[in-house]
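Residue numbers (our numbering), protein chains in the order written: chain A, 1 to 207; chain B, 1001 to 1269.
Among the hints, a few may not be true.
[Stated by the list, open to error] Straight-line Cα separation of at most 20 Å, SDA-like style, residue types lysine to any residue; simulated pairs:
#, chain 1, residue 1, chain 2, residue 2
1, A, Lys162, B, Lys1163
2, B, Lys1163, B, Thr1142
3, A, Lys162, B, Thr1142
4, A, Lys162, B, Pro1063
FYI, nobody ran anything at the bench for these hints, they're computed from the structure.
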Amino acid sequence: MTWIRIVVTLALAVLPGSASAQAPTSPHTHGSAESPDRERPAPLPGGSIYQVGTTWTDMDGKPVPLRSLRGKPVALAMVYTSCTTACPLTVADLKRIEAALSPEAQARVSFALFSFDSERDRPEVLKKFASAHGLDPARWRLYHGDRAAVRDLAMALGIRYKRDARGDFDHSNVISILDSQGVVRHQQVGLGQDPAASAARLESLAR
Amino acid sequence: MRIPLAVTAAAAVMMAMSGAAADRAAPNMALVPAGQQQPFFVTRGSTGSPAAEADRGPAIEVPAFLMDRVPVTRRHFAEFVRARAEWRRSQVPSTLADSHYLEDWASDLDAGNSVPADAPVTRVSWFAASAYCRWKGRELPTVDQWERAAAGAGKDTPATREKILQWYSRPGSDPLRAVGQDVPNAYGLHDLHGLIWEWTLDFNSTLVSTETRDPGAKDDPLFCGSGSQGAVDPNDYATFMRYALRNSLRASYTTGTLGFRCAQDTEKP
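Chain A extracted, bound-state conformation:
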């Protein structure tokens, strides 16, 4: 578990201190990688899925502690890019949620796709997928993780999945709407659902 602590420390160091419970002693270092340990954001809520403390690699190959998603509301789904059935529909559903948001809200939220496929969905594959689907890189982030990270995140989100003999995945189709602290505020279950409820929740979280 030492690595988790290291990750946490890193995450705390790079995070903009959303928090103000403890007044920062040196505001000019706020949010910089060199921030001293004493400048810490408020504790993460116990119900935040960021409590699972995994680390991922984004489509640009950059390591991303899950906790670094903290700070913005997020619409999140788990997919795999070689999926030809449900996953493109999940992405389409997310885009419909995105389209239903006001421009102000669009600027304040993120869309995150976490891949089930630790073997095939390398960052460069994710990058291609993002551009093929016209996902705005300012808002959309795609993440690759190892099997343990995938499992821990799926467990935190209540997502069931199974890798089959061909390397494909059967999985629950769930879009989760997280608040800026990573607490699940809404889940949209199933494909092709009306985006209104998810969009409304995201819109209000972005205010």
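Starting from the known structure of chain A, arrange chain B on it as the hints suggest.
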């Protein structure tokens, strides 16, 4: 009667070897040899027809692995929470364990003496169980590993099924006894049945949809692709019960009858 005799002989050998001394010897794990595990649920074919006997699909090859001979005890879990403050009852976040986590303990570090210290630890979430095993350099067993290990107990004989079902039908209010007091199975594993239910690494890999009850239905909204699965052997109700339980769990849940043990690959990657 060849198999029961073999099991009995193996059990006798294990009994002779085990006892307190052998049980405490590191690594205190038993080898489960490589073998095949018939999946209990199989994915339906493209026709959507229920899985037929002839359509069982391939058995899963389970490589050899090591498994704890007994479930993790309260004593051992107390060592873990002493070493890892973040897993103490007062510290653990609700994402990782619900509010009943270790609630039968006397305090953060003291399991108390309501049941023996060598009774299995229960009221632990999947996250806590998984963290314990990783702390030990191990992992929770997968569903396939667990079922393969349990098959060594002669799971498939009607008498064993009856015995397991009798235990499953009890409401789980009896105080837990110490681990390792039953006759071990052919691999030297204790308490796979009759004491507690156990977490598995991938308990969330069972995707049973409503289609199991309605073979004509299609496009269950929850699952991708061929996700619906059908039971191979509807007579194996004991196994069905375990899959049903796994299907009902969330990783943060804790109950008084759910504990765990750890496993390890024989070849470290």
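Each hint tested on the structure:
Of the pairs offered as hints, the one joining A/Lys162 and B/Lys1163 is violated, with about 31 Å between alpha carbons and a cut-off of 20 Å exceeded. Restraint check for B/Lys1163 and B/Thr1142: not satisfied, since their Cα atoms lie roughly 24 Å apart, outside the 20 Å limit. For the hint linking A/Lys162 to B/Thr1142, the alpha-carbon distance of about 12 Å falls within 20 Å, and the restraint holds. Taking the CA atoms of A/Lys162 and B/Pro1063, the gap is near 19 Å; set against the 20 Å cutoff, the hint holds.
When each numbered hint is compared with the structure, violations occur for hints 1 and 2.
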